[in-house]
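Asks: Numbering of the sequence shown is given in full-length UniProt numbering, commencing with residue 1 and proceeding in unit increments.
Hints listed in this document are in silico derivations from the structure and should not be mistaken for laboratory results. Among the hints, erroneous ones may be present.
Between beta-carbon pairs, the in silico distance windows are [as the list claims (entries may be wrong)]:
(1) Pro29 - Tyr6: 38 to 44 angstroms
(2) Gly4 - Glu115: 36 to 42 angstroms
(3) Glu44 - Met21: 43 to 49 angstroms
(4) Ala46 - Gln71: 53 to 59 angstroms
(5) Ser8 - Pro106: 47 to 53 angstroms
(6) Glu43 - Pro64: 40 to 46 angstroms
(7) Ser27 - Gly4: 33 to 39 angstroms
(8) Ala51 - Gly24: 44 to 50 angstroms
(9) Ala35 - Leu15: 38 to 44 angstroms
(10) Ala47 - Leu25: 35 to 41 angstroms
(11) Val37 - Pro61: 55 to 61 angstroms
(12) Glu31 - Thr58: 54 to 60 angstroms
(13) Ser41 - Pro64: 35 to 41 angstroms
The beta carbon of each residue, even a glycine, is placed where N, CA and C say it ideally should be.
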Amino acid sequence: MSAGGYISGIGHAGLLIWLVMGWGLDSEPLEFDVAPVSVVSGEEYAALVAATSPQPQTEVPPAPETPVTEQTPPAPDAAQDAPAEAAPPPPAPEAPAEETPPPPAPEPLPEPPAEAI
């Protein structure tokens, strides 16, 4: 075995022993914040919700009056209503299809040499 193999073996063995024995792994758990919680009964909750919800209105306010105007729209012009018929565009001339030559056939692969037994 070479020197690198011995060094790697000793290093890995030392790491495994260190992990199994737990040296240097002792630590205090992290602190966390605790929020205070209070318990509310159903009646207390209903009183809180009733105090914060808006009171429904029984009266409907009257709608503002809008003045009625009696204006008749002008009669549309017959020439403006008829859409102008546009002539359809002439069909595009078809381009002659160019014939492409077929691709050349691939060259055959050389035969592998026979194995010597």
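Asks: Please go over all the hints and tell whether each is borne out by the structure.
Replies: We went through each hint and held it up to the structure:
In this structure the supplied range 38 to 44 angstroms holds for Pro29 paired with Tyr6, their Cβ-Cβ distance being about 40 angstroms. Restraint check, Gly4 to Glu115: a C-beta distance of roughly 39 angstroms satisfies the suggested window 36 to 42 angstroms. Between Glu44 and Met21 the beta carbons are some 56 angstroms apart, a value that contradicts the proposed interval 43 to 49 angstroms. At about 57 angstroms, the CB distance of Ala46 to Gln71 agrees with the hint of 53 to 59 angstroms.
A hinted range of 47 to 53 angstroms for the beta carbons of Ser8 and Pro106 is consistent with their spacing of about 51 angstroms. Taken as a hint, the range 40 to 46 angstroms holds for the pair Glu43 and Pro64, whose Cβ atoms sit roughly 44 angstroms apart. For the hinted restraint 33 to 39 angstroms between Ser27 and Gly4, the CB-CB distance of approximately 34 angstroms keeps it satisfied. One distance hint, 44 to 50 angstroms for the beta-carbon pair Ala51 and Gly24, is violated here, with the actual separation near 58 angstroms.
At roughly 42 angstroms, the beta-carbon separation of Ala35 and Leu15 lies within the given 38 to 44 angstroms, and the hint holds. Between Ala47 and Leu25 the Cβ separation comes to about 54 angstroms, which falls outside the hinted range of 35 to 41 angstroms. The hinted range of 55 to 61 angstroms is not satisfied by Val37 and Pro61, whose Cβ atoms lie roughly 44 angstroms apart. Separation of Glu31 from Thr58 is about 56 angstroms and conforms to the stated range, judged on CB atoms against 54 to 60 angstroms.
Restraint check, Ser41 to Pro64: a C-beta distance of roughly 47 angstroms breaks the suggested window 35 to 41 angstroms.
Of the numbered hints stated above, those contradicted by the structure are hints 3, 8, 10, 11 and 13, listed in ascending order.
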